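A.B. asks: Using the sequences and the hints given, assemble the complete structure.
Residue numbers (the working numbering), protein chains in the order written: chain C, 9 to 304; chain L, 9 to 304; chain E, 9 to 304; chain H, 9 to 304.
None of these hints come from the bench; they were simulated from the model.
There could be a bad hint or two in this list.
What the hints assert, rightly or not - With a Cα cut of at most 30 Å, we get these calculated DSSO-like pairs of lysine-lysine:
{"#": "1", "chain 1": "H", "residue 1": "Lys61", "chain 2": "H", "residue 2": "Lys212"}
{"#": "2", "chain 1": "L", "residue 1": "Lys212", "chain 2": "L", "residue 2": "Lys90"}
{"#": "3", "chain 1": "E", "residue 1": "Lys212", "chain 2": "E", "residue 2": "Lys99"}
{"#": "4", "chain 1": "L", "residue 1": "Lys61", "chain 2": "L", "residue 2": "Lys212"}
{"#": "5", "chain 1": "E", "residue 1": "Lys90", "chain 2": "C", "residue 2": "Lys90"}
{"#": "6", "chain 1": "H", "residue 1": "Lys61", "chain 2": "H", "residue 2": "Lys209"}
{"#": "7", "chain 1": "L", "residue 1": "Lys90", "chain 2": "H", "residue 2": "Lys90"}
{"#": "8", "chain 1": "L", "residue 1": "Lys99", "chain 2": "L", "residue 2": "Lys61"}
{"#": "9", "chain 1": "H", "residue 1": "Lys99", "chain 2": "H", "residue 2": "Lys118"}
{"#": "10", "chain 1": "L", "residue 1": "Lys99", "chain 2": "L", "residue 2": "Lys118"}
{"#": "11", "chain 1": "C", "residue 1": "Lys118", "chain 2": "H", "residue 2": "Lys118"}
{"#": "12", "chain 1": "L", "residue 1": "Lys118", "chain 2": "E", "residue 2": "Lys99"}
Note that the coordinates shown come from a computational prediction; the quantities given were computed from them, not determined experimentally.
There are 4 protein chains.
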Amino acid sequence: MPTLSYTTAGESHGPGLLAWIDGLPQGLELDLEFIDNELLRRQGGYGRGGRQKIETDRAEIITGFRRGHATGSPLVVRVANKDDRLDDLEKTPPVHRPRPGHADLAGSVKWLTTDCRETLERASARETAARVAAGAIARCFLREFGIEVFGFVRGGMDAMSEVAPDENNWRELLALRDASDVYVPDDAVGERLRAAIRQAKVDKDTVGGLVEAHVFGCPIGLGSCMHWDQKLDSRIAGAVMGIQAFKGVEIGMGCECARLNGSQVHDPIAYDAALKRRRHLDSSVPPTTPADSRAA
Amino acid sequence: MPTLSYTTAGESHGPGLLAWIDGLPQGLELDLEFIDNELLRRQGGYGRGGRQKIETDRAEIITGFRRGHATGSPLVVRVANKDDRLDDLEKTPPVHRPRPGHADLAGSVKWLTTDCRETLERASARETAARVAAGAIARCFLREFGIEVFGFVRGGMDAMSEVAPDENNWRELLALRDASDVYVPDDAVGERLRAAIRQAKVDKDTVGGLVEAHVFGCPIGLGSCMHWDQKLDSRIAGAVMGIQAFKGVEIGMGCECARLNGSQVHDPIAYDAALKRRRHLDSSVPPTTPADSRAA
Amino acid sequence: MPTLSYTTAGESHGPGLLAWIDGLPQGLELDLEFIDNELLRRQGGYGRGGRQKIETDRAEIITGFRRGHATGSPLVVRVANKDDRLDDLEKTPPVHRPRPGHADLAGSVKWLTTDCRETLERASARETAARVAAGAIARCFLREFGIEVFGFVRGGMDAMSEVAPDENNWRELLALRDASDVYVPDDAVGERLRAAIRQAKVDKDTVGGLVEAHVFGCPIGLGSCMHWDQKLDSRIAGAVMGIQAFKGVEIGMGCECARLNGSQVHDPIAYDAALKRRRHLDSSVPPTTPADSRAA
Amino acid sequence: MPTLSYTTAGESHGPGLLAWIDGLPQGLELDLEFIDNELLRRQGGYGRGGRQKIETDRAEIITGFRRGHATGSPLVVRVANKDDRLDDLEKTPPVHRPRPGHADLAGSVKWLTTDCRETLERASARETAARVAAGAIARCFLREFGIEVFGFVRGGMDAMSEVAPDENNWRELLALRDASDVYVPDDAVGERLRAAIRQAKVDKDTVGGLVEAHVFGCPIGLGSCMHWDQKLDSRIAGAVMGIQAFKGVEIGMGCECARLNGSQVHDPIAYDAALKRRRHLDSSVPPTTPADSRAA
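C.D. replies: So, in structure tokens, the structure goes:
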């Protein structure tokens, strides 16, 4: 069982979303401004729906926190909903028509109801606000060890960037990402993606996309090779595929490995005198460190 | 928390592998011959290493089982190792050179040891024998509900089959798979894959591959939209990526969704009078039912 | 793993206490007035400290609840603290003197701090407000099956009541309990307990006590004999001893069994034609049904 | 969730009992002779049934163990049953008459069967052989920290010893216990208990009893005051009451606290210059350190 864990609660149009985090060490400093900035980025993005104009999410830590640091007891962070109307039947009427690509039909069959309302309230993508808050808190913890996470949008539709983040260039790419309203650290690709989004709006459609995350400064030996469900790959894949609308996850070279020989895939191991540690050598293909993952 | 769960134990060259299964209903009949056949298929495959010639795996259920059925108490299934020599230092000497593509380096750093032996004994792919036994037992349970699982090798390297399993043709494809020593239900592609394996042997290399699994007869409403780690997609992805050497997992159309509009991806919902149930319509692209998954 | 579970968060002088409840069935009606009455009874009691005059606890369900019923998603209930001053160092100064009978010393050693404040904020008996709310919600669930719980104070010091609750008299005893400010359904014993409390106040001391709970209408077969930590006795004992200040728990005849023969302890089994069910016969000693428990 | 955990499997007349232990540190040395001695003591005791003459239990570690030490992977220990006949209907016939004081009735109602056989096979006290093996392994771990456990029979019926184990005399009491076939470290009381057992045999009855365990060398700060189910008291009580036939558990002064003032119960805290640590002072009553527990 993981020592550090979290779970979420809350509905899209209820009082708010909660993340419940267990296992944070006593004394850990949490940067509320950083957490709110993460929530702000979640709300952004070219072409987002009207909901984002209603809410301006802020993290409010309501337990396990005192004067800037975690107290060691369960920490609960709350993201309030301004659009709180779940108790008003007129404002949140029954939903009788299940939408494709949502949990509506599955939930209604499971709960034996013709009203999808309570399913969609919980299955809503707004639930990710709680996960972003939890993730931001986890990043405060990781920073104590010099571990940094960099995520971005690689692209969508036929607009895919070829940027290759590494330990040297990632902060520069981060600045490009933050300057882009589609979070693509590549202006030309970003412009093509914006055009695709504009066209989809005209067609009353939506666009697919690919996000990618890199972790830098991660030590060797996290996770476990002893239990199938504690392997780092397993836990990352489960976490990514638990996000609404994700249908694939790859680590390192991912599914491309299916078309390659082992010698093209396995990183040779060598000792890096400068880093004073043994490390995987860069090969001609992208590295397969467990912490690089892509998901669609 | 899942009601039905399993975990494994055991080392590659110890007395044997175990799977510990909790939550099987009292009275469930288990087909030992079926379980052994699944173990047999795991041991097969063109070009497998010498280990498979040593072991002829059989499932031995040592607790929670009586006269052909589960008793409702924890069920433990054992797959013995003929190659049991872990206590003999001469036959299982220290391993000081970590292999790329294995847990050797990560495990040694984690345990602060220069001997990779104990890491590789547990991280070994032989551990999957216990998982195959657990999976076969799970399939005995699913069969009570008319749920069937069909898995096969789609291909590897530049040999990828285009077969499209569905409810009507899958048993025919199953027969083709079982007649193939590379488990590809497509003779021409199988022959090309065999050639690639032969060449890799000459080059002292290995080949990549892609496996695909379909579930037929699965009802709507399994899993949960209430917790991120109980979603069916999350649990399937975590289970697949917990298998040694898997670096990607896709459900339905998978990462291809990144390049498509929502209208091309979401299955329309309609009522099927013949099946007397509401179902997702087949669209021109393959269906994205949660139970179809591909992994590399 | 239990299907229905709960955990708590929150500090004594923070914004409030939370109980997080997983596994309530979708559609379960919850009686908020009943829940608040349970909280009110927790706050009562002859001789309680000043804190109870500050707080008037009310349960506020902030997730998993809509228009009177549980929605099937995680349900979080909040009990706000009026005395919210944890972020103000002047109002919640460091505590350098660990108190006997509290977690102060253990927590400070664990967290390597000379300030007991954060330990005592979480270890505080105020945390039980969240448990009472969770218990009240669990009782709403049990009532759907006709299962009722009756708890009372048997006494303290040398004042112990001899009342013997059973299926016929418990509602009468309940009325007596509710009329007593020490929750003893026995006026004479209650008066002696009040006197002991008065004397303890004069002596700047406190008094011990014994509480007892009975469950009526409980079906046979709950819990599990398959896992040591899922047995009903184990789970009840763990729950009771997890309450602040409890040092003993007994089920049925409890430790008295140590001084009796098996024939005096084991309930004979017979068929009750009136109840149309097989049941344990009442023996001359109190019944040892697993649901009767006493705790000190 | 606890880092170190265990669960058991197996039936009374199946191939054997298993304990599955997760979280033992890699490299921990395990003393097989010590483990077998613990199993041997479990089998002893004046007046035990005939089963103990059939079985001579030995611990066989079948995974997670190599050349005398734990490997860090899940460790499974097996205690074989000589009396293995569960698959033979003639030797293990259906049991249609539920016994008082056993799980027979509850299990049969739960599983909707008129045959108690599969319930009693798992609920059997023989299952404790696996727990004793797990406990002995845990003691190997505790010994690395100088933590020792001393358990004994305080008595039964009207024969109760007044011995008071402490850090100075416990090894002497241990020798007395080991010389006693009723495990009472007090010859006179032991003789009276033996007499009670002899009389019960004549009467075709059984006797009650009280066992007591002390832990010496235990550091302050184990367990958690943050979660109700991780408190040391809660976990100890749950573990004890999960043992077959236990109906009460007390820690420190236990239920006696109900009749005492707080000043008689709470240990004063002082600094012990000799031990160079802060400690609870011995008061005139027995200490209430969390690790002293009595159970009936």
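A.B. asks: Hint by hint, say whether it matches the structure.
C.D. replies: Each hint tested on the structure:
no., hint, in the structure
1, Lys61/H x Lys212/H, "holds, 20 Å"
2, Lys212/L x Lys90/L, "holds, 27 Å"
3, Lys212/E x Lys99/E, "holds, 24 Å"
4, Lys61/L x Lys212/L, "holds, 20 Å"
5, Lys90/E x Lys90/C, "holds, 24 Å"
6, Lys61/H x Lys209/H, "holds, 17 Å"
7, Lys90/L x Lys90/H, "holds, 24 Å"
8, Lys99/L x Lys61/L, "holds, 18 Å"
9, Lys99/H x Lys118/H, "holds, 25 Å"
10, Lys99/L x Lys118/L, "holds, 25 Å"
11, Lys118/C x Lys118/H, "holds, 25 Å"
12, Lys118/L x Lys99/E, "violated, 45 Å"
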